[in-house]
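Chain residues, written in single-letter form:
There are 8 protein chains.
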Amino acid sequence: MTLKVYLSGEIHTDWRARIIEGARGLDVEFSGPVTDHAASDDCGAAILGEESDPYWRDHKGAMINAIRTRKGIRDADVVVVRFGEKYRQWNAAFDAGCAAALGKSLIVLHPEEHQHALKEVDAAALAVAREPEQVVQILTYVLTGRLPGRD
Amino acid sequence: MTLKVYLSGEIHTDWRARIIEGARGLDVEFSGPVTDHAASDDCGAAILGEESDPYWRDHKGAMINAIRTRKGIRDADVVVVRFGEKYRQWNAAFDAGCAAALGKSLIVLHPEEHQHALKEVDAAALAVAREPEQVVQILTYVLTGRLPGRD
Amino acid sequence: MTLKVYLSGEIHTDWRARIIEGARGLDVEFSGPVTDHAASDDCGAAILGEESDPYWRDHKGAMINAIRTRKGIRDADVVVVRFGEKYRQWNAAFDAGCAAALGKSLIVLHPEEHQHALKEVDAAALAVAREPEQVVQILTYVLTGRLPGRD
Amino acid sequence: MTLKVYLSGEIHTDWRARIIEGARGLDVEFSGPVTDHAASDDCGAAILGEESDPYWRDHKGAMINAIRTRKGIRDADVVVVRFGEKYRQWNAAFDAGCAAALGKSLIVLHPEEHQHALKEVDAAALAVAREPEQVVQILTYVLTGRLPGRD
Amino acid sequence: MTLKVYLSGEIHTDWRARIIEGARGLDVEFSGPVTDHAASDDCGAAILGEESDPYWRDHKGAMINAIRTRKGIRDADVVVVRFGEKYRQWNAAFDAGCAAALGKSLIVLHPEEHQHALKEVDAAALAVAREPEQVVQILTYVLTGRLPGRD
Amino acid sequence: MTLKVYLSGEIHTDWRARIIEGARGLDVEFSGPVTDHAASDDCGAAILGEESDPYWRDHKGAMINAIRTRKGIRDADVVVVRFGEKYRQWNAAFDAGCAAALGKSLIVLHPEEHQHALKEVDAAALAVAREPEQVVQILTYVLTGRLPGRD
Amino acid sequence: MTLKVYLSGEIHTDWRARIIEGARGLDVEFSGPVTDHAASDDCGAAILGEESDPYWRDHKGAMINAIRTRKGIRDADVVVVRFGEKYRQWNAAFDAGCAAALGKSLIVLHPEEHQHALKEVDAAALAVAREPEQVVQILTYVLTGRLPGRD
Amino acid sequence: MTLKVYLSGEIHTDWRARIIEGARGLDVEFSGPVTDHAASDDCGAAILGEESDPYWRDHKGAMINAIRTRKGIRDADVVVVRFGEKYRQWNAAFDAGCAAALGKSLIVLHPEEHQHALKEVDAAALAVAREPEQVVQILTYVLTGRLPGRD
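Chains as they are written, first to last, in the working numbering: chain X, 383 to 533; chain Y, 383 to 533; chain G, 383 to 533; chain B, 383 to 533; chain V, 383 to 533; chain U, 383 to 533; chain L, 383 to 533; chain P, 383 to 533.
In short, the hints are calculated from the structure, not lab data.
Hints may contain errors.
[Claimed, not checked] Listed below are the simulated SDA-like cross-link pairs for lysine to any residue, each with C-alpha atoms no more than 25 Å apart in a straight line: (1) K468(G) x T526(B); (2) K386(V) x T522(U); (3) K386(L) x Y437(B); (4) K468(X) x S413(X); (5) K468(Y) x R439(Y); (6) K386(L) x L525(L); (7) K386(P) x T522(L); (8) K386(G) x E411(Y); (9) K468(V) x H498(L); (10) K468(P) x D418(P).
[What the hints assert, rightly or not] Take a look, some chain X residues computed to stay more than 10 Å from chain Y by CB distance: (11) K386; (12) D396; (13) A399; (14) A428.
Even glycine gets a Cβ: it sits at the ideal position worked out from N, Cα and C.
All chains, full assembly: derive it from the sequences and hints.
Rendered as structure tokens:
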């Protein structure tokens, strides 16, 4: 059993690397958005031509990014969405909504302070974690039945 | 042709009333979440029993609210999502994600200042508006072919 | 908004009547299985002919009952499944599984003593209640936003 | 043709091992739940933190187990559900309901004494067997056309 | 609960009339193919122009008939397929296959002599009857819980 | 049986009116795009604001029109697509592709001269007609079994 | 591109072997029912126990065969259904109906004499052929673009 | 992550070769229609027999081509549709409609002069490009995050 896991959301810390590193040896295929912030913002204009209006510039970029995002989420068994401490992160919540509507197993990762504001998102999740290492433990358990600190 | 329209998101201004009022006479059925903030927060505990842990209190409430939200979004032809000026509004973005994944026609309503932060959500929409009256004009046009200021 | 509610499970107490009575005045359409135990057991043999082997006798009856059950669950927005104090009630759990797989909003109703044994079923539910009156309160809240004891 | 087979239900006897062993050499991929009872009960608390209320403790565990169960059942061509002689086994019936609603080929395995109580579940199945070896014979026949005792 | 019932198959006896007459007073909506044999054969040529090749003449007619058949089967809750004593009736078996693949509740009606030849079709059905009156009894039971000869 | 029919394509002749008029008395609900060419082109700019770039002006309009088109096609049982003698009419072919992919019954209406160029579209259709009156005859036959010139 | 092709229907001639042999070298995966007639009839009784009533004996066998048939048809891109000169072959027409309802590309293979009786089945097909070699030519063309007698 | 890309539309220039060549080294699987114009027109008659009526000759060919087209589009993650400078190209727009209705990521490639006529098709796309090299850049970015002219 290969588990396909899409890692959505916050791109400013190393949480994806910690999960991928921690899951080494498990039968998991990870995917996720382009995490190079500048490339992600510029892709539409760089490939399809500049726009004078920033709305349409963003629009062209967001739609190209959607090619990757849609593919990743639709193919996934598990979607992990991380909300960080800063920014509005509406695209993270948007991805969580997509994942829920498509019947994906949703894992949400956020600091405790966001608990009330994220209650609708959490209510659609099968697990709500604080640290990337907990996600690794979940993936380990789901694939092998092993729990941390037990043999 | 009856158009079913779900009005999601911000609950602190009168935007829903302005749309419903403006659409009077059109063949539209509106639905939306419970907009009584206190009831929405308390419904789980009030009906199913109090919880000492605020996380589970919120969880029980959010899940009961999901019964209404799911029904409304799934039955809708058009989902209008309004992002206001305050708060994180992750549930609005979550609803937009659900609507997009279910293939609903999505209309997003937000002030200009949110344009960059909402670019992924806007990219999934068929219309991005600033004012509730524009939503009324869209519904009028979609149902009757009439544009504002023309006969 | 009309809510379609299927009432599955235990047929030996008056819980269905209490919900239907309590929901009087709400925009709800209820459905459920045939609750005449003898008719439900005999329908296959009575209509399609007796069987010497009790397995096939049960089989013919269960399949005719499935015509009604499938229709009720598939058309429902909300499936309420009640587990009573006696019997194995595997058909109740089977209906809950169907409802969950079809993305229905699931409400489970059971005495506290079954909590551990029903944990997988409860985990798929949007509400877990003890009394039929709580289901009435949920339906009231979902349709009108009103909570018990508030105006 | 690779047949994906999910083995659901009773975890106290060696029936899964007997099927997997018997099917050696056939083009079958087996999956199933975590069968370590203690790990299965504890996974939520062990990974995501203890809960004082046993209901929420069970809830967290059941939801993590659902990540594996959902994946296994959705990917399966055939779902085998075994009901043993003891316990209520509502999760087995719940899995059978999921499998039926998703259109999976369902094989039910149970002792004769449960025949009447399981009639709704059996009515949704393509085969009802008593012994794991019969499941092996079914898988052999489905994949190779060979019947027991014939060449 | 309104039950939508599509009556497919044999068009040379009065079985449809007997079911519709017998179900008078029940909340059932019946549909079925055009049963005027000549019109059914000629519709393509009569409306879209004659064809010199009988294959294409039949083709044009069969495709126009499919507009009605598809609509009826897709909208139905229950599909009743009757196999008579004569002719090959491949379109009846074709409709049964469509109904099964779409998850409709299938009732098959045929004389005993066809039992072995129809075993694959019967195996996909929830009821196999001999007489139209049994179909009426099934519909009566499914909608009201009443069995023949009981009050 | 109410048949929902979407009338897509050419907007410069009176073919829609001829079908709707001819179908008077039949149980048909018609829908279609906004056929006021100027309104259809201008709707985006008129409601959501002018654009300096004609591409984005068209884009905004086309997306608002899609709200109506999607609703009409998805709700339809039958999609009639008319290709006229002039213009490229790519939106007509696009609608036909949508209809085919959604499993709608497709009727194509075009002059003989387009036969080779439209062969892929025609191959997805259940009827290919030359005149609107033939569509009326098809709808009449599908709903009533009556053919032109017969009683 | 691997094409998955299910070969349904008549089991008394060598048509499957001729197609499989002819398609050697093409990227095709073939599947089909168990073609050992005796095994196919006996499988239910041989594995799950004899039945005194021939109806239930057939029923058990047909349901086990359905495990293989469902898997093959659902996984297929193309379903080829062959109607031979003898027998009623209702299971062939049933498979064709399943394939059509699931949106599979259907190829029908039958002698000219069945043309009128099979017109509804043919109308759902993308190709109607007389000889297995034509099916090989279709598969060759679909996968490579090569036509017989051309380079 | 392997991206499956279907290349639909214009067959008279080398745009497919330029994309496939440019994407060398990326994890992409390309598919597309048969681009040998004569073979594509003749396939029906060559395999299934000549027709005297050119309509049916085209029909048989178009349906065989649909076996390949359906498979390619349904399996694709991304559908690229190219509109050239000549011909009506209704099959290109038809494929775009199919792709949109199936939720595929659509990329449209056309000269600027077609902008207004293709506005409905463009409105369903995630990218609208002028040159095949832009499609290569999109695929490169989607799979690797690299933009042209950046490291």
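These are the hints, each one checked on the structure:
no. : hint              : in the structure
1   : K468(G) x T526(B) : violated, 44 Å
2   : K386(V) x T522(U) : holds, 22 Å
3   : K386(L) x Y437(B) : violated, 48 Å
4   : K468(X) x S413(X) : holds, 23 Å
5   : K468(Y) x R439(Y) : holds, 24 Å
6   : K386(L) x L525(L) : holds, 11 Å
7   : K386(P) x T522(L) : holds, 22 Å
8   : K386(G) x E411(Y) : holds, 17 Å
9   : K468(V) x H498(L) : holds, 15 Å
10  : K468(P) x D418(P) : holds, 17 Å
11  : K386              : holds, 17 Å
12  : D396              : holds, 22 Å
13  : A399              : holds, 23 Å
14  : A428              : holds, 16 Å
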